[in-house]
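*Asks:* Given only the sequences and the hints, what does the whole structure look like? Please build it.
Sequence lines, in order, name chains W and U. The first sequence maps to residues -15 to 234 in this note's numbering. The second sequence maps to residues 36 to 362 in this note's numbering.
Check the hints yourself; a few may be wrong.
Stated by the list, open to error - Footprint (simulated), chain W over chain U, 3 or more residues, beta carbon under 8 Å:
no.: 1; region: 225 to 234
no.: 2; region: 244 to 256
What the hints assert, rightly or not - With a straight-line Cα cutoff of 25 Å, these simulated DMTMM-like cross-link-like pairs (lysine to aspartate or glutamate) come out:
no.: 3; chain 1: W; residue 1: LYS60; chain 2: W; residue 2: ASP152
no.: 4; chain 1: U; residue 1: LYS45; chain 2: W; residue 2: GLU106
no.: 5; chain 1: W; residue 1: LYS112; chain 2: W; residue 2: ASP24
no.: 6; chain 1: W; residue 1: LYS34; chain 2: U; residue 2: GLU193
no.: 7; chain 1: U; residue 1: LYS45; chain 2: W; residue 2: ASP152
Stated by the list, open to error - Cβ pair distances, simulated, as ranges:
no.: 8; chain 1: W; residue 1: GLY96; chain 2: U; residue 2: ILE52; range: 23 to 31 Å
no.: 9; chain 1: U; residue 1: GLN338; chain 2: W; residue 2: SER129; range: 55 to 63 Å
no.: 10; chain 1: U; residue 1: THR334; chain 2: W; residue 2: SER129; range: 30 to 38 Å
no.: 11; chain 1: U; residue 1: LYS83; chain 2: W; residue 2: SER129; range: 49 to 57 Å
no.: 12; chain 1: U; residue 1: ASN53; chain 2: W; residue 2: GLN202; range: 49 to 57 Å
no.: 13; chain 1: W; residue 1: ALA216; chain 2: U; residue 2: ARG355; range: 46 to 54 Å
Calculated directly from the structure, the hints in this document are not laboratory data. Quick reminder that beta carbons are idealized off the backbone N, C-alpha and C, glycines included.
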Amino acid sequence: MEKQPYLQIRQLTKSFGHIEALRNANLDACQGEILAIVGDNGAGKSTLIKTLSGALTPDSGVITINGQAYAHLTPKLAEEKGITTVYQDLSLVNTQTVWENIFLGHEYRRLGWLNKKKMRRETAELLKRLHVSIQDQEAIVGHLSGGQRQAIAVARAIRQGGKMIILDEPTAAMGFKETAAVQKLIRNLADQGYGIIIISHNIQQVFELSNRICVMRQGEVLALLDTKSVTADEIVSMIVGGTAVNGVKQ
Amino acid sequence: MKQYVTKEAKSLFAAMINRSFPQILLTLALLILILILSLTSEYFLAWKNFRNILDQCSVYLILSLGMAFVIASGGIDLSVGSIAGMCGVIMAVLMHSGMQTYPAILLSLGIGIATGAVNGVIISLIRINPFITTLATMTITRGIALVLTGGVSIYGFEQSFKWWGTGNIGPLNPPIVLSLLLTLVSFLIMRRTLWGKYSLSLGGNAEALRRSGVRINLYRISIYAVSGFCAAIAGLIMTARLNSAAPLAGSTYEMDAIAAVVLGGGSLSGGSGSIFGVFIACITLSVLRNGLTLLSIPTYFQQLITGGVILIAIIIAQLRSNRDRLH
Ligand SMILES: Nc1ncnc2c1ncn2[C@@H]1O[C@H](COP(=O)(O)OP(=O)(O)OP(=O)(O)O)[C@@H](O)[C@H]1O
Ligand SMILES: [Mg+2]
Chain W
-15 MEKQPYLQIR QLTKSFGHIE ALRNANLDAC QGEILAIVGD NGAGKSTLIK TLSGALTPDS
45 GVITINGQAY AHLTPKLAEE KGITTVYQDL SLVNTQTVWE NIFLGHEYRR LGWLNKKKMR
105 RETAELLKRL HVSIQDQEAI VGHLSGGQRQ AIAVARAIRQ GGKMIILDEP TAAMGFKETA
165 AVQKLIRNLA DQGYGIIIIS HNIQQVFELS NRICVMRQGE VLALLDTKSV TADEIVSMIV
225 GGTAVNGVKQ
Chain U
36 MKQYVTKEAK SLFAAMINRS FPQILLTLAL LILILILSLT SEYFLAWKNF RNILDQCSVY
96 LILSLGMAFV IASGGIDLSV GSIAGMCGVI MAVLMHSGMQ TYPAILLSLG IGIATGAVNG
156 VIISLIRINP FITTLATMTI TRGIALVLTG GVSIYGFEQS FKWWGTGNIG PLNPPIVLSL
216 LLTLVSFLIM RRTLWGKYSL SLGGNAEALR RSGVRINLYR ISIYAVSGFC AAIAGLIMTA
276 RLNSAAPLAG STYEMDAIAA VVLGGGSLSG GSGSIFGVFI ACITLSVLRN GLTLLSIPTY
336 FQQLITGGVI LIAIIIAQLR SNRDRLH
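*Replies:* Here's what the structure looks like:
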């Protein structure tokens, strides 16, 4: 990739007591690109993205966003810099409507009153732009499907200035159709120039979706590969720690 | 373009009907109740009786409005009846010690707000369950009322004070006008302001609201403060109406307020609430009590019937919400 990476991670380390959850991890992520992070349970994937969302403070290492270097991020700083982690269940108010959720915490007001008209209009525009098919933005979010809720959570992240969207197993609990819809959404986002980092245990999904794959094992970034240059079998053997495959290890 | 607008308007309308189902049901029940009562008692439809119902309703209504926001936010406030009683007593004590009517009223309204805010601080900052917190403040504020009065009622106030309970405003009186005005204001706040929306969001998913950068503690504290304010106004009306401040005034009123909110479509798990529903619920309960009295049903039976009606209504609401349970 000749693109200038929007996000760069260098030598990131994080320990919990004697567990080294992250060990000298290096990673680049670009806009307009889907980067999949794969690895076995406990490999350090969630820990890595938590340092990116500012939820965790790394012990050492550097995070560079758009050319600016930081020793650690805060949730607020990460948001300002457009690094947004979407946690569907933690970010939606299930008892409220689509547009109320899209604007949660960032409502438009006019003379002190809520400007519902403007929020409804912009929600419709936003969902249309992201090709999210939700018939009725007056629908209560809790009544929508998992895929639609995921889409709303993502749309909100983007409306609030998200440039690099991080998704931790976005389709883990979803059926076939739902998963397809979310994958389509992710593809659309990348085509529109947003950067996507997706954690997934679904190797088939990783290959359908990603431009590059980051393999993690025991806190280390084992390899960062172009998806086209590897096979699923090679990735799987790297995840489980089998024999190193010639030519794919960076 | 034209078709787009119509479609949107249609979906808005459908959503409104769907979401207002409990309120629509309740309104129907109220209309049927009115029909039955007007057929059985000729006195029922008299203007004087209608005014009487609104007057009876006013204190409950005002307490229920504050409670609606508290319950919408996922909380509960058991202390409102006692705060009302305490604020009435404080007004009485202040005025009997020589303070003018309005400074005394304003000071005790302030005390009502402060007491509510204390509830909110304990609940949101120390993170103690609202049920337990307000149970404790209920006991404390009742205790304060008893201590201040020595257990006996305080009688006799100036006309300017009594006016708030017994005066006339055209064909209505101050309690009615005040309660209707507060209902209108609450309606607008709930539906059209950030504060109202966040009350609902807090009950829906406080963590989501917090993550979106909203200072949820501030909102939660202010919601309980508003509930305390409503309680203090109720205390003013109760005291002025009877020209006496009784230390036990307002006991168990919190239960009527909670019942009205739930009857009006509010869920005790938070996230929903309708001021229109609360209004109709309060009127329905008052009409029911009024009707039972007109029909000369003994008070004990009235309790039983009112309780039964509330229970049935809550069961209906629960069955419906079980049906379309949220994720
Ligand atoms: N807060 C914590 N305290 C202690 N240990 C932790 C904490 N968070 C993570 N760990 C440990 O760090 C290691 C990496 O965990 P992490 O959650 O990053 O794994 P993961 O790759 O996301 O796994 P999974 O696929 O199961 O989600 C694990 O050994 C885990 O037990
Ligand atoms: Mg994980």
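*Asks:* So, for every hint listed, does it hold in this structure?
*Replies:* Here's how the hints hold up against the structure:
1. 225 to 234: holds (count 4)
2. 244 to 256: holds (count 5)
3. W:LYS60 to W:ASP152: The hint holds at about 19 Å.
4. U:LYS45 to W:GLU106: holds (19 Å)
5. W:LYS112 to W:ASP24: Judged against 25 Å, a Cα distance of about 37 Å means the pair is violated.
6. W:LYS34 to U:GLU193: violated (65 Å)
7. U:LYS45 to W:ASP152: With a Cα-Cα distance of about 37 Å, the restraint between LYS45 of chain U and ASP152 of chain W is violated, given a limit of 25 Å.
8. W:GLY96 to U:ILE52: 23 to 31 Å: Because 29 Å falls inside the window, the suggested range holds.
9. U:GLN338 to W:SER129: 55 to 63 Å: Given about 47 Å between the Cβ atoms, the range is violated.
10. U:THR334 to W:SER129: 30 to 38 Å: Given a distance of about 53 Å, which is not inside 30 to 38 Å, the answer is violated.
11. U:LYS83 to W:SER129: 49 to 57 Å: Holds - the Cβ-Cβ distance for LYS83 of chain U and SER129 of chain W, about 56 Å, lies within 49 to 57 Å.
12. U:ASN53 to W:GLN202: 49 to 57 Å: holds (52 Å)
13. W:ALA216 to U:ARG355: 46 to 54 Å: holds (48 Å)
In the structure shown, a violation is registered for the earlier hints numbered 5, 6, 7, 9 and 10, in ascending order.
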